[in-house]
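S.K.: This is what each chain is made of:
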Amino acid sequence: MQQAAKATTDATRFLSDLLKRRVVDASQGRILGRLQDLVADARQALPPIIGLVVAGPNRQRRLLPWSQVREIKGKAILVEAAAGSALGPVVVNPGELLLREQLMDKQIVDTAGAKVVRVNDLKLMQRGGQLLLSGVDVGLRGLMRRVGLQGVTEALLRWVFSYDLGENVIKWHRVQTVGSEHILRLKLSQARLASLHPAELADILEDLDPSTRSRVFHALGKEMAADILEETEPKVQVALIKDLSTAEAGDILEQMSPDEAADVLQSLDQRRAEKLLREMEYEQANTVRCLLDHDEETAGGLMTTAFLALPPQETAGRALQILQKKAPELDVFYYIYVEDEAGKLLGVVNLRELLSADPGATLGALMFTRLVAVDLEADPDDVAELFAKYGFRALPVVDQMGRLHGVIRFKALLAAVAPHLGR
Amino acid sequence: MAETLNPGGQPELRRSLWRRLALILAVVGPGIITSNVDNDAGGITTYSLAGADFGLRLLWTLAPITVVLILVQDMSARMGAVSGKGLAALIRERFGAAVTFYLMIGLVLTNLANTIAEFAGVAAAMGVFGVEARIAVPLAAVLVWFLVVKASYKAVEKVFLWACLFYVAYIISGFLAGPDWGGVWLAMARPSLEWTPASLTMVVGLVGTTIAPWMQFYLQAAVVDKGLTAKDYRIVRWDVIVGSVAVSVVAFFIILVCAVTLNAQGIKIESAEQAAIALKPLAGRYAAALFAFGLLNASLFAACILPLSTAYTVCEAFGWEDSLNRKFTEAPQFYILYSLMILMGALAVMWPDLPLIAIMYFSQVLNGLVLPAILYFMLRLLNDPMVMGDQVNGPLANLVGWVIIVALSLLSLAMVYLSI
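Just so you know, the protein sequences line up as chains A and B, in that order.
The opening position of the first sequence corresponds to residue 1 in the numbering used here, with each subsequent residue numbered one higher.
The opening position of the second sequence corresponds to residue 1 in the numbering used here, with each subsequent residue numbered one higher.
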């Protein structure tokens, strides 16, 4: 296998196995130093190794282009006779990766499994004259290889449990690095994270250490950030908001649904919350402010105000048009509420009825008037009972005069009564 | 100055005072909690033995130990606040898998010894109430497991913390015992050390129980977990100092009272009842019950934290899922490690005729042996700009750090050498 190092078939190597090897001048046998790191071009789908960081005598680090490598043989890496003069200063350009320094032992995101893991080793593949980064070893086998006990562990497991220790390698194109900032700016890597569901991303952010967390959060863009913020637990929400500038945080809050935004603001300290509210668009800030007035432990604290309420004389056709236009900013679109001029809740029309109704029919004629609504001060547990009994997707919240104030979504309720299931 | 900060023009003195208080309360915690767990079964035992066996002769060691405790905890907290990462993660990222692996083995063993000591504490305490170890220990193990996994540990933590007021009993007892205060201050002012295995082992034990290896991981994790950053650091430092001084004051009085009551009468501590004699000046014939209550609380508190901290630390180092919010199938290593620590800790104590007091003591000696290694890595990390940015250690902090490491290593070596 060693003889064919720079030729023919794909052979597998691990970074841990290459590191510390002597880099030797092939013709004279002169030792240039020891291999300390590899530089890969991360812009490629399978990043090729483009350089070797060689630690010479007196620990000086120098870069040797990959083109100088002749073969990997025994415990040495043989390089061209003229390699000594090809050594230069270690420069890492944007898009390039120092495998050991920036990846080994660091946290990465496994986008296939949607979780954060630590890199135990890196799997390289020899193809033609190239050495390519093909995968990331996150398994016990990789860990024990690093410790130098791979053989012992394997033998022990086979002997005691008759268990063969398998390889746990994540393919490189499934890996999202989160280590250093310049990597994250790459469009390609961002796309990998963006393929995950916001709820998965929220879980991932919770697993990352705080400094990495805020860096990733930053790189994801406002809309994604808003979606993620809705899914994270309050403690992490506060931490994420804390790291943002007031302007950024304000923008993100605007993207969130009002009830979720209110929840976030509630867990911040008052002064900061006030600042953020002032940063937000006037109308949205007002909506959120109204929601903030309600105790978190009541129906008022759970409701959202992003719903559609129309007068009874409106026709089904018009209602559909309005719904279509407003849909992007609505939290509740399955029910259209009907209210009089005083804001008193008269009835409700659901989307199915609206779609199948004659476009000329008025909402007043279509609406369902046997209403189930909860009081602003109602207890979340009572609200939960109503949801369970009637199987609604959302419940309107009214005051004692019967005026409509907001709507509780099933999701918000779930987070309140069963926090261990939600989020 | 206040006006320029306040464009509205109205001085908001009272409000800003409340705000500051709220801010302090939000930050305070990690240091004080760590310190209170520090006074665990092993701690109480070691301090009691120090007083009973050596009288006031080792009291002076608390002064340097306190200083070192503050400095070391301050380093942990600072590293957590600045880097936003746990100590295990930093060690793994900076020193690689092999070093981390062996360090974790050392830490797990030490923490296991400490956990055994906590269950030994439970056994000793319940023994005073006439409950046998084979009943008390399994009950305690199940209780601890359920408290942390199934119930809300955070709520329970407050109960434990309030129960720590028990230590005040030692302080009152100390005053009631009416020691010769002149002699106490003289003992503090004139440090002396006998170069005997017993004496050196005791000093290593005192250091090990006060500055335990797990504390560095736990404190740093707590600081990171709380989301504290370099900005909050001034308050974090006070949290650490107050906590450390509190530990030492309690230690001071335990040693003092044991010296006055036990050492003076030539009583050797071999059981909890004997250790409880120290509380006689305060509690009279209820001394044993009071002591048992305090020991039980300390043991259970630490028995919750130690296995948990161990599981978190190891999972962090190896990149395994580590959260009580995850199900077993999502974080198997975490739950297995946590459960194994409790199981093995409890099982070890169930062994018949186990010398409980001796176990509690030697677990602390083991702490003292592992500590220099961990401090060495901490010091290296604190000097790494990749970790600390522009907040790397200054030359003075480094000098002090190295002196501590060398002194502790020499002390441990001397102990081992003399013991052989």
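Worth flagging that the hints you see were computed from the coordinates, not collected in a lab.
Watch out, some of these pointers could steer you wrong.
As the list claims (entries may be wrong) - These stretches of chain B come out as covered by chain A in the derived footprint (C-beta under 8 angstroms, 3 or more residues):
id	region
1	35–49
2	208–216
What the hints assert, rightly or not - Pairwise CB distance ranges, derived in the manner of DEER restraints:
id	chain 1	residue 1	chain 2	residue 2	range
3	B	N398	A	S162	47 to 53 angstroms
4	B	L399	A	D17	53 to 59 angstroms
5	A	H197	B	Y376	55 to 61 angstroms
6	B	G389	A	S162	45 to 51 angstroms
Stated by the list, open to error - Straight-line Cα separation of at most 20 angstroms, PhoX-like style, residue types lysine-lysine; simulated pairs:
id	chain 1	residue 1	chain 2	residue 2
7	A	K171	A	K242
8	A	K171	A	K106
9	B	K268	A	K235
10	B	K226	A	K242
11	A	K123	A	K75
12	A	K242	B	K327
13	A	K222	A	K171
14	A	K242	A	K275
15	A	K222	A	K242
16	A	K235	B	K231
17	A	K115	B	K231
All C-beta atoms in this analysis are idealised placements derived from N, C-alpha and C, irrespective of residue type, glycine included.
S.K.: The structure should be examined with respect to each hint, and the outcome stated for every one.
M.R.: Results of checking the hints against the structure:
Note: the region 35–49 of chain B has 0 residues with beta-carbon separation from chain A under 8 angstroms; the three-residue rule is not met and the coverage is violated. Remark: the region 208–216 of chain B is not confirmed as covered by chain A, as 0 of its residues place a Cβ nearer than 8 angstroms to a Cβ of that chain, below the required three. Take B:N398 and A:S162: their Cβ atoms lie about 52 angstroms apart, and the range 47 to 53 angstroms holds. With their beta carbons about 40 angstroms apart, B:L399 and A:D17 fall outside the hinted range of 53 to 59 angstroms.
Look at A:H197 against B:Y376: about 44 angstroms separates their beta carbons, and that is not inside 55 to 61 angstroms. Look at B:G389 against A:S162: about 50 angstroms separates their beta carbons, and that is inside 45 to 51 angstroms. At most 20 angstroms may separate the alpha-carbon atoms for a hinted pair to count; A:K171 and A:K242 exceed this at roughly 35 angstroms. Note on A:K171 and A:K106: the hinted pairing holds, with a Cα-Cα distance of about 16 angstroms set against a maximum of 20 angstroms.
Taken as a hint, the B:K268 and A:K235 pair is broken in the structure, with Cα atoms around 50 angstroms apart against an allowance of 20 angstroms. For the proposed pair B:K226 and A:K242, the alpha carbon gap of about 12 angstroms is at most 20 angstroms, so the pair holds. Annotation: proposed proximity of A:K123 to A:K75 holds, straight-line Cα distance about 18 angstroms (limit 20 angstroms). Proposed proximity of A:K242 and B:K327 is contradicted: the alpha carbons are some 29 angstroms apart, above 20 angstroms.
At roughly 29 angstroms between alpha-carbon atoms, A:K222 and A:K171 are farther apart than 20 angstroms, so this suggested pair is violated. With a C-alpha separation of about 12 angstroms, the suggested pair A:K242 and A:K275 falls inside the 20 angstroms cut-off, and the hint holds. The hinted pair formed by A:K222 and A:K242 meets the criterion: a straight-line CA distance of about 15 angstroms does not exceed 20 angstroms. Under the criterion of a C-alpha separation no larger than 20 angstroms, the hint pairing A:K235 with B:K231 is consistent with the structure, at around 18 angstroms.
Taken as a hint, the A:K115 and B:K231 pair is broken in the structure, with Cα atoms around 30 angstroms apart against an allowance of 20 angstroms.
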